[in-house]
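Enquirer: Sequence:
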Amino acid sequence: MSDSVYRVTELVGTSTESWEAAAQAAIETASGSLRDLRVAEVTKLDVTIEDGKVARFRTRLNLSFKYEAE
Numbered sequence: 158m159s160d161s162v163y164r165v166t167e168l169v170g171t172s173t174e175s176w177e178a179a180a181q182a183a184i185e186t187a188s189g190s191l192r193d194l195r196v197a198e199v200t201k202l203d204v205t206i207e208d209g210k211v212a213r214f215r216t217r218l219n220l221s222f223k224y225e226a227e
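The opening position of the sequence shown corresponds to residue 158 in our numbering, with each subsequent residue numbered one higher.
These are calculated hints, taken from the structure and not from any lab test. Note that this is a predicted model, so its numbers are computed, not measured. By construction, the Cβ of each residue, glycine as well, lies at the ideal position given by its N, Cα and C atoms. Be a bit skeptical, because a hint or two may be false.
[Unchecked claim] Label-pair ranges, simulated between beta-carbon atoms:
1) Ala178 / Asp208: 34 to 42 Å
2) Tyr163 / Glu207: 36 to 44 Å
3) Tyr163 / Ala212: 28 to 36 Å
4) Lys223 / Glu174: 13 to 21 Å
5) Val199 / Ser161: 38 to 46 Å
6) Arg164 / Val199: 13 to 21 Å
7) Ala212 / Asp160: 42 to 50 Å
8) Arg195 / Glu174: 19 to 27 Å
9) Gly209 / Arg164: 37 to 45 Å
10) Ile206 / Asp160: 21 to 29 Å
[What the hints assert, rightly or not] Result set (EDC-like, lysine to aspartate or glutamate): computed pairs, CA atoms no more than 16 Å apart in a straight line:
11) Lys201 / Glu177
12) Lys201 / Asp160
13) Lys210 / Glu174
14) Lys223 / Glu174
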């Protein structure tokens with residue numbers, strides 16, 4: 158097994174349903190342009206509020222992906 162290098166980038170996913178759905182949305186969107194996704198670490202959960210009610214769930218993630226060897 159060879160040594161590897163990974164990049165970690167921060168994403169914020171949103172959903173009107175749940176924090177899990179927000180995380181899923183972020184990962185699915187990132188997978189459209191990034192390859193070899195490895196680990197997503199949830200770093201923060203919060204909500205936006207409109208008219209005194211929860212409007213959206215937000216999940217902040219640190220997502221790692223592997224750099225490809227040239």
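Enquirer: Run every hint past the structure and note whether it holds.
Expert: How the hints compare with the structure:
Evaluation of the 34 to 42 Å hint for Ala178 and Asp208 yields a failure: the beta carbon distance comes to about 21 Å. The beta-carbon spacing between Tyr163 and Glu207, approximately 37 Å, falls within the hinted interval of 36 to 44 Å. Between Tyr163 and Ala212, the C-beta spacing of about 34 Å keeps the proposed range 28 to 36 Å intact. With their beta carbons about 30 Å apart, Lys223 and Glu174 fall outside the hinted range of 13 to 21 Å.
A hinted range of 38 to 46 Å is violated for the C-beta pair Val199 and Ser161, which are about 23 Å apart. For the pair Arg164 and Val199, the beta carbons lie near 18 Å from each other, so the given range of 13 to 21 Å is met. For the pair Ala212 and Asp160, the beta carbons lie near 45 Å from each other, so the given range of 42 to 50 Å is met. Between Arg195 and Glu174 the CB atoms are about 26 Å apart, so this pair conforms to the stated range of 19 to 27 Å.
Take Gly209 and Arg164: their Cβ atoms lie about 40 Å apart, and the range 37 to 45 Å holds. Our hint of 21 to 29 Å for Ile206 and Asp160 is violated, since their Cβ atoms are close to 46 Å apart. Our distance criterion of 16 Å between C-alpha atoms is met by Lys201 and Glu177, whose separation comes to about 12 Å. Between Lys201 and Asp160, the direct Cα distance comes to roughly 30 Å. Violation of the 16 Å bound is thereby established for this hinted pair.
Between the alpha carbons of Lys210 and Glu174 the distance comes to roughly 13 Å, so the proposed pair stays at or under 16 Å and holds. A distance of roughly 30 Å separates the Cα atoms of Lys223 and Glu174; the hinted pair therefore is violated under the 16 Å criterion.
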